[in-house]
Amino acid sequence: MFQLSRICAPFGLVLAVVTLCSGCLQTSFRPDPSASNSDVGAEVPIADALTPTTDASVTTDTSGSSDATPSDMSSSDALDIGGDSLPFGAACLIDDQCVSQVCVPVSATERVCSQACSGSCPVGTRCSQAPFTGTPDLHFCLPLPGDLCKPCDDDLACAGGACLTDLGDQQPTCGLFCDAGAGGAALCPAGFVCQSFLKGELCVPEFNTCSCDATLLGKQWQCDIVSPVGTCGGVQTCTEAGWGLCSAQWPSQELCDGLDNNCNGQKDEGVTANIGGVELPLDATCGTGACAGGQVICISGGVAGCSTTFVATTKDLCGDQIDNDCDGETDELCPASDVDGDGTPDLKDCQPYLAEFYPGAPEACCLAVAATAIAVPVATDAKSQTCDRNCDGFAIPCHPNDKDGDGFTEPSDCDDKDPKQFPGGSEKCGDGIDQDCDGRIDEAFVPGTLNCGVGACATTIVAACVGGIVTDCVA
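With my numbering, letter number 235 in the sequence shown gets 311, and the count goes up by one each step, no holes.
I should point out that these hints are in silico values taken from the structure, not numbers from a laboratory.
It is possible that some hints are incorrect.
[As the list claims (entries may be wrong)] Derived lysine-lysine pairs resembling DSS-like cross-links, with alpha carbons at most 27 Å apart: (1) Lys391 <-> Lys424; (2) Lys459 <-> Lys424; (3) Lys479 <-> Lys493; (4) Lys459 <-> Lys493; (5) Lys459 <-> Lys496; (6) Lys496 <-> Lys479; (7) Lys504 <-> Lys493; (8) Lys295 <-> Lys275.
Work the whole structure out from these sequences, hints included.
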């Protein structure tokens, strides 16, 4: 038993061989237009078989009654009948109602008794993918539109048509009225042609037979798989085992893969890539940072993306001032680096490799700018940039009487000819110079010994002045 579903359909279901709607997935077939006329109909000439001269071509019921068929039953009949009772092609609600134990949904509200197939099906049906099974991998014998090719004994067995006796099939089959004035369909389904008969125009199969027989071996009929998404074409081949599966692809929503997924004659239409919160169409320019200069293309998974995405790293490479991960930010999440050891992270240091330059650093006046009696800072330029030690973008003009440009004049400057001597300057040991102008020389150095460390690490070193710097325990 093939247990497809037990979900009940609405009671308005018409128990008949179902006419598939345009919104439902269906398959149809027609001869390959590339084949010649002799290839298509040489075995059984269509004109000879389908052009009637008398009423004998159409069987008409004159008794006013006939045996009931599955098409005559209502949905309530389907509910009243016990399990394993409904024949092939009858409307159903659940699997257990069908002799085949398979009740296939063919629309949102309609289901029919059917059977799984791999190509060959009873006359009046075609092996097709059913839309509401949720997968293109399942194939079932489903009725053709309007009772076409359905075996019949009289006209009453054919919904919207008449019973034809002179087709190439072993038994009479139904044709569908195609004369709009007679209330039938204005156009025939794919694979059928509208022929004139005494009782009107009827859709009949182009190959003059609904069956795949020895005369059609190797012939290919074009087939369509139709869904609300689109219509995809393919072929069915007549083999010794019967009609093969339709080769058409399953119509699906358009992907970004260079293919026409919905079979509308266009590839990748409407596909966009969301980059930085903006929907960009294919071929648009994209990318930022190291990924700049890219183009929107199809990438893996059927989606669109930027062609330079592969350049991006998982995170920024710290210190290179490049947006390596292409997220619009530079060196984010990088630990603070201080190359010159001045206590200011490199990203905030105007001169990260010079320790005397950092925000808040002491700054002497600048001889590269015009001297003024009042020290009003001026914006730095190429000449005065080296004076901007506090990284504020300004330089301090020197006083006209400041001969060495250290920002101090006599008498506070103890030597106005030496820019290294000024109040607050850095005292160096061993040079005999009073750099900080406090009246004392080399006061930072006191000869003697230093006790360093504790416990097992305790040691004593001799204090010394090396290169103007007093040794300490670290040294």
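Each hint, compared with the structure:
Taken as a hint, the Lys391 and Lys424 pair is honoured in the structure, with Cα atoms around 21 Å apart against an allowance of 27 Å. The suggested pairing of Lys459 with Lys424 holds, with an alpha-carbon distance near 22 Å, which does not exceed 27 Å. Among the hinted pairs, Lys479 with Lys493 is consistent with the structure: their alpha-carbon atoms are about 6 Å apart, no more than 27 Å. Of the pairs offered as hints, the one joining Lys459 and Lys493 holds, with about 22 Å between alpha carbons and a cut-off of 27 Å not exceeded.
Using a Cα cut-off of 27 Å, the hinted pair Lys459 and Lys496 holds, with the two alpha carbons roughly 21 Å apart. For the hint linking Lys496 to Lys479, the alpha-carbon distance of about 12 Å falls within 27 Å, and the restraint holds. At most 27 Å may separate the alpha-carbon atoms for a hinted pair to count; Lys504 and Lys493 meet this at roughly 18 Å. For the hint linking Lys295 to Lys275, the alpha-carbon distance of about 31 Å lies beyond 27 Å, and the restraint is violated.
Hint compliance for this structure: hint 8 is the single one not met.
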